[in-house]
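Asks: Throw the hints in and build the complete structure from the sequences for me.
Residue numbering for the sequence shown is 5 to 337, as defined by this note's numbering.
Hint data in this document are derived by calculation from the structure and do not stem from the laboratory. Check each hint, because a few of them may be wrong.
[As the list claims (entries may be wrong)] In silico BS3-like pairs for lysine-lysine, Cα to Cα no more than 25 Å straight-line:
id: 1; residue 1: 151; residue 2: 296
id: 2; residue 1: 117; residue 2: 86
id: 3; residue 1: 56; residue 2: 17
id: 4; residue 1: 248; residue 2: 22
id: 5; residue 1: 56; residue 2: 117
id: 6; residue 1: 23; residue 2: 254
id: 7; residue 1: 72; residue 2: 17
id: 8; residue 1: 254; residue 2: 268
[Claimed, not checked] Restraint-style ranges between C-beta atoms, simulated for each label pair:
id: 9; residue 1: 183; residue 2: 283; range: 53 to 59 Å
id: 10; residue 1: 321; residue 2: 202; range: 20 to 26 Å
id: 11; residue 1: 289; residue 2: 183; range: 30 to 36 Å
id: 12; residue 1: 155; residue 2: 56; range: 38 to 44 Å
From a predicted model like this one, the values you see are computed outputs, not experimental measurements. A virtual CB, placed ideally from N, CA and C, is assigned to each residue, including glycine.
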Amino acid sequence: MEKLPGKLGMVNKNFWSKKNILITGSSGLLGSWMVEKLLSLDANLIGIAKDKSMNTLLESKNILQGFKTFYLDISEFSKVEKVFSENEIDITFHLAAQTQVIDALINPLETFKSNIEGTWNLLELSRLFDRPIVVASSDKAYGSSEKLPYKENYPLEGEFPYEVSKSTTDLLSKTYSATYNLPVVTLRCGNIFGGGDLNFDRLIPGVINWLLNNEKPILRTNGDYMREWVYVEDVVNAYLGTGKALLENKNNHSAYNFSSGKKKSVIEIYEILCNKISGNFIEPEFKLSSEKEIKNQELDSSLINDDLNIYSLYQLNESLDETISWYKEYLPE
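Replies: Dropping the structure here:
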């Protein structure tokens, strides 16, 4: 895939070789791509996943046997503690979370349990075992703000359940950094997409699935919600660059925004997917269920660009082509 010209903190194979790395949410979209990348860099991986049902991407690439996975709920402190005590972990990438906005509206307690209690467990164990940790946050942590793009010093004002869970994730990380001097960085990313995402409530995998199966797509907004769309491989590079800086004590901040700068509305993304898969625009069905979601979001990524030399390099058009190709190959006919 052609990449945009630009700079990126180079992923050094020797740096990650033989390091013991814990990835929570190792079977999710981002976690799976992190696993594949770090195994290619000769790292020793330990994964935590809630269950075996979400291992599709790892199974499709036959790499599940290349590392050790513990299947458990991160809200259960004693079980996660056992993982830390039995493995000499060098750094944790905490990616596990309940990531569905709609699910959070329907079942807020489960979302808080996973995203808040799970995070404080990982932070506390990182403190007890004196290990650095990179924590996944989101642009949703800022809540609804009329002032865009979001900068890292903007207040975290989540209002609805999913947003609140991400705001709290950030604040927990901040307190462990400020109070205990824990080496921790949170990454607040835009909307991540790529092959292997089987959460079909999300726009891109959902629309691709409908179109490939000749079914009428359903949009849960009127199409004008604005988002930044960032390819998963860009995000993997951002996490690895941030983790390297944390291990080398070169990060100057405890939170960074990261996204692509590629801002498009829901209907614009939908139209692109229609043209790529079907060759023409297909009128979707609108089932408006997103009134309790933030309408417009945009991140200022200049801090991570300047501080850690980390940039988004992948073009949206070709990233969507790569994503569609994955679903064409792996979705059941």
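Asks: Now look at each hint and say whether the structure bears it out.
Replies: Comparing the hints with the structure gives:
Annotation: proposed proximity of residue 151 to residue 296 holds, straight-line Cα distance about 19 Å (limit 25 Å). For a cut-off of 25 Å, the pair hint linking residue 117 to residue 86 stands: about 19 Å separates their Cα positions. The hinted pair formed by residue 56 and residue 17 fails the criterion: a straight-line CA distance of about 29 Å is larger than 25 Å. About 14 Å separates the Cα atoms of residue 248 and residue 22, which keeps this hinted pair within 25 Å; it holds.
For the hint linking residue 56 to residue 117, the alpha-carbon distance of about 20 Å falls within 25 Å, and the restraint holds. Of the pairs offered as hints, the one joining residue 23 and residue 254 holds, with about 18 Å between alpha carbons and a cut-off of 25 Å not exceeded. Between residue 72 and residue 17, the direct Cα distance comes to roughly 20 Å. Compliance with the 25 Å bound is thereby established for this hinted pair. Distance hint between residue 254 and residue 268 is unfulfilled; the C-alpha atoms sit about 33 Å from each other, more than 25 Å.
About 57 Å separates the C-beta atoms of residue 183 and residue 283, a value consistent with the hinted range of 53 to 59 Å. Roughly 23 Å separates the CB atoms of residue 321 and residue 202, a value that falls within the hinted 20 to 26 Å. The beta-carbon spacing between residue 289 and residue 183, approximately 50 Å, falls outside the hinted interval of 30 to 36 Å. For the pair residue 155 and residue 56, the beta carbons lie near 40 Å from each other, so the given range of 38 to 44 Å is met.
Hints 3, 8 and 11 from the list above are not met by this structure, while the remaining hints are.
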